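**Q** Please build the complete structure, drawing on both the sequences and the hints.
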Amino acid sequence: MTSSSASLFPRLAEEGGHAVPVIHQVPADGVFALLWVIIALPALGAAIILLGGGNRTKGFAHLLGCATVLGSFAISLVSFFALLGRDETDRSVGQFLWTWVDAGSFRADMALLYDPLSALFLLLITGVGSLIHLYSIGYMEHDERRARFFGYLNLFVAAMLMLVLSDNYLGVFLGWEGVGLASYLLIGFWQHKPSAAVAAKKAFVVNRVGDIGMALGTMLVFATFGTVAFAPVSEVAGEAPTATMTALGLLFLLAACGKSAQVPLQSWLLDAMEGPTPVSALIHAATMVTAGVYLVVRSNFIYDYTEVAQTAVVVVGTVTLLWGAIIGCAKDDIKKALAGSTMSQIGYMMLAAGLGPYGYAFAIFHLLTHGFFKANMFLGAGSVMHAMNDDVDMRHYGALQKAVPVTFLTFAMGYLAIIGFPGFSGFWSKDKIIEASFGESTLVGLCALVGAGITAFYMTRVMLMTFFGQKRWEEGVHPHESPKIMTVPLIVLAALSVLGGLLLFGDFVTDWLTPAVGAVAHHELAFAPWVFSLIVTVVVAVGVTIAWLTVGRNEVPRTAPQNVSFVTRAARADLYGDALNEELLMRPGDRFVTGLVGFDDKGVDGVVNGTGTAFAGMSGTFRKLQTGYVRSYALSVLSGAVLVVVALLAVNLT
Amino acid sequence: MDPTPFIGLSAILFTIGCIGVLVRRNAIVIFMCVELMLNASNLALVTFARVHGNLDGQVAAFFVMVVAAAEVVVGLAIIMTIFRTRRSASVDDASLLKY
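Protein chains in written order, with our numbering: chain A, 1 to 654; chain B, 1 to 99.
I should point out that these hints are in silico values taken from the structure, not numbers from a laboratory.
Since the structure is predicted, the reported quantities are computational estimates derived from the model, not experimental observations.
Each hint should be verified, as a subset may be incorrect.
To be verified - In silico negatives: residues of chain B with every beta carbon more than 10 Å from chain A:
#1 Leu-13
#2 Leu-38
#3 Ala-40
#4 Phe-62
#5 Asp-92
Stated by the list, open to error - Cβ-Cβ distance ranges computed for the label pairs, FRET-style:
#6 Ala-68/B / Leu-638/A: 16 to 24 Å
#7 Met-65/B / Phe-622/A: 18 to 26 Å
#8 Ser-41/B / Leu-635/A: 18 to 26 Å
#9 Asp-93/B / Phe-622/A: 19 to 27 Å
#10 Val-597/A / Arg-86/B: 55 to 63 Å
#11 Thr-621/A / Asp-93/B: 25 to 33 Å
#12 Thr-621/A / Val-66/B: 54 to 62 Å
The beta-carbon is built from N, C-alpha and C at its ideal position, and this holds for glycine as well.
**A** Laid out in structure tokens, this is it:
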């Protein structure tokens with residue numbers, strides 16, 4: 001870690017000939033000495049609000065919550081520019097805080113790693129996080145427990161920052177569990193609704209499955225390398241056997257599937273929409289659900305040595321991007337439609353991350369642009385719900401573009417970005433992923449291309465059902481534009497959705513990430529990149545047209561039609577993901593437990609109770625010997641004495 | 001000295017006492033039979049003390065006598081009380097403490 005003469009790419013991996021980067025940390029000085037404050041600020045905010053209690057902090061909790069995250073954002077921004085000013089070779093800054101665990105040969109430090117990858121994440125988390133905090137002031141204004149809400153939000157931000165700043169897998173695990181807890185608390189924030197309480201529990205339980213992968217992966221890293229810190233592992237990663245690397249890759253993929261709602265652990269995300277809308281925007285769209293992508297990209301020194309795990313990541317990503325997109329097509333709940341789209345977009349990121357060094361940068365690029373436009377659209381959806389008395393059914397919307405003009409315009413920016421309208425941020429990022437996946441395999445590329453078409457279809461459907469067509473409002477609903485505190489974040493996010501593509505200007509984002517994730521010569525493509533862009537744009541146009549023909553031209557019924565095709569029914573039922581879980585896991589588990597209970601009732605209790613009954617019966621017989629007649633007792637004493645005498649004599653005489 | 005007659009007498013007395021305890025119902029008689037057994041063992045003890053020429057057996061006999069005296073005090077008092085309440089000294093009648 002400290003060797004000064006080490007070059008950036010000291011060793012070439014055997015296959016592919018690309019360079020796997022080794023992390024060389026330089027000590028934190030200057031502004032980087034403040035790295036720990038980035039995490040400490042929101043953690044402090046959460047501690048004050050949550051430990052102080054909702055009533056005592058009611059007056060200032062929302063201001064404190066916003067101030068801490070804004071403070072973190074300011075430091076992140078300064079650090080980012082400081083990092084920008086450094087040479088490429090010393091862009092990995094390490095800050096040692098204290099030794100966390102020191103037990104025998106196992107040692108884990110509370111230490112931070114600030115490199116180009118975590119720098120981008122910090123900006124996303126604290127930047128989008130600040131906007132969503134501000135928005136929440138307005139959105140949660142009438143909620144009695146707003147102080148607690150901000151406490152949880154700050155807790156989430158602190159945990160998420162821990163996740164992306166830690167320099168070892170154990171620290172990542174700490175953040176990983178922290179965001180899981182915050183997600184649980186916030187999904188179930190309105191716990192008086194049974195659906196919210198159940199959704200929170202479901203998210204927590206499904207995430208536990210993924211967390212097993214994270215825990216086992218961390219243990220295997222330690223067992224293999226004798227340390228859990230990224231830097232030393234990245235140095236010797238090439239010497240470990242491929243089988244171990246594959247196991248590590250698959251375990252971390254399992255973890256990523258849980259946190260990022262990838263098939264087969266996708267089922268919790270749609271239900272997670274029970275939480276307040278800012279939570280859906282911050283946690284279940286922009287940041288936490290992308291932690292899986294972060295984990296895969298951060299573990300590039302593992303995935304680069306195992307093609308099997310990389311292929312698994314690609315398969316999971318491809319399946320999920322289609323899965324989420326198809327679900328998104330059939331949902332009438334605006335938040336669930338967006339949630340399906342989130343799954344789908346994270347599928348794109350996973351797909352890109354599975355492509356290796358060629359795709360890592362594109363995965364992160366799409367992650368950033370998606371963070372902008374999806375947070376924008378979720379907050380927009382929240383603003384629409386605000387206007388419609390918290391109704392989420394798009395069949396009750398329609399013709400809202402006049403009623404909520406700012407929300408409409410900002411939502412439209414997000415919409416154009418996500419479908420990949422030329423020039424908008426999503427166009428650049430998704431295009432790159434589709435292009436890269438065609439370089440990997442034609443099948444995967446085609447899936448990604450079809451996914452782009454479906455994305456265009458369902459987002460257009462959301463757009464048309466919400467803002468265009470006829471009014472289908474419930475009686476007594478008078479839509480009104482949200483207050484400034486909510487619209488200003490929308491405008492900023494809309495601007496970012498439009499301009500996010502600038503990150504790719506002059507290959508900035510790929511060059512920037514090269515020290516962290518490695519670089520590789522570009523694939524030879526069958527066509528020039530602009531041809532790909534053209535094809536993607538045509539497919540998107542087809543998707544938009546189909547949506548216009550099926551949804552836009554016809555009147556939207558106020559209740560969902562029941563006489564629909566099998567595909568629609570399947571998509572409405574989340575492609576039977578829940579039914580599958582129930583059939584494969586819950587029912588057999590239920591039967592197993594019923595069997596165990598039966599065994600306990602009949603078998604274990606039978607033995608215990610039987611023994612007791614036997615003794616009771618025996619005592620019933622034997623107590624009859626206690627006649628109360630002194631002379632019979634005397635006889636038994638005599639017989640005993642005689643027996644002893646006879647025994648003594650028998651022993652002595654023989 | 002030949003201890004056989006003494007031991008024989010002791011055994012006969014003990015047996016009589018033993019049979020008396022087992023077959024008689026009157027508490028006073030049972031009590032006397034117990035005394036008989038105690039004294040039979042006393043006789044054996046002093047006989048053996050004599051045979052061995054030391055005082056151990058005689059000391060033990062004194063102990064038995066003291067214990068027997070104490071026992072008589074307590075035992076007779078109990079029998080008297082039972083008799084007063086039940087108008088009977090039969091041990092078979094006093095069989096309340098049973099299953």
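**Q** Taking 10 Å as the cut and beta carbons as the points, is Asp-92/B off the interface with chain A?
**A** Not fine: 6 Å to the nearest Cβ puts Asp-92/B too close to chain A.
**Q** Against chain A, does Phe-62/B keep a CB gap of more than 10 Å to every residue?
**A** Its Cβ never comes within 10 Å of chain A, the nearest being 24 Å, so this holds.
**Q** Kindly confirm whether 18 to 26 Å is satisfied by the beta carbon distance between Met-65/B and Phe-622/A.
**A** 39 Å, violated
**Q** Mind checking the hinted window 18 to 26 Å against the Cβ distance between Ser-41/B and Leu-635/A?
**A** 19 Å, holds
**Q** Hey, does Leu-38/B actually stay past 10 Å from chain A on C-beta?
**A** 15 Å, holds
**Q** 25 to 33 Å was suggested as the range; check whether the CB atoms of Thr-621/A and Asp-93/B agree with it.
**A** 26 Å, holds
**Q** 19 to 27 Å was suggested as the range; check whether the CB atoms of Asp-93/B and Phe-622/A agree with it.
**A** 25 Å, holds
**Q** So Leu-13/B supposedly isn't at the interface. Is its beta-carbon more than 10 Å from every beta-carbon in chain A?
**A** 16 Å, holds
**Q** Is the gap between the beta carbons of Ala-68/B and Leu-638/A within 16 to 24 Å?
**A** 19 Å, holds
**Q** Okay, Val-597/A versus Arg-86/B on CB: inside 55 to 63 Å?
**A** At roughly 59 Å between Cβ atoms, Arg-86/B and Val-597/A fall inside 55 to 63 Å, so the hint holds.
**Q** Is it correct that the beta-carbon of Ala-40/B has no partner in chain A closer than or equal to 10 Å?
**A** 14 Å, holds
**Q** Is 54 to 62 Å a correct range for the gap between the Cβ atoms of Thr-621/A and Val-66/B?
**A** Violated, since Thr-621/A and Val-66/B (Cβ atoms, about 42 Å apart) do not stay within the stated range.
The structure shown violates the earlier hints numbered 5, 7 and 12.
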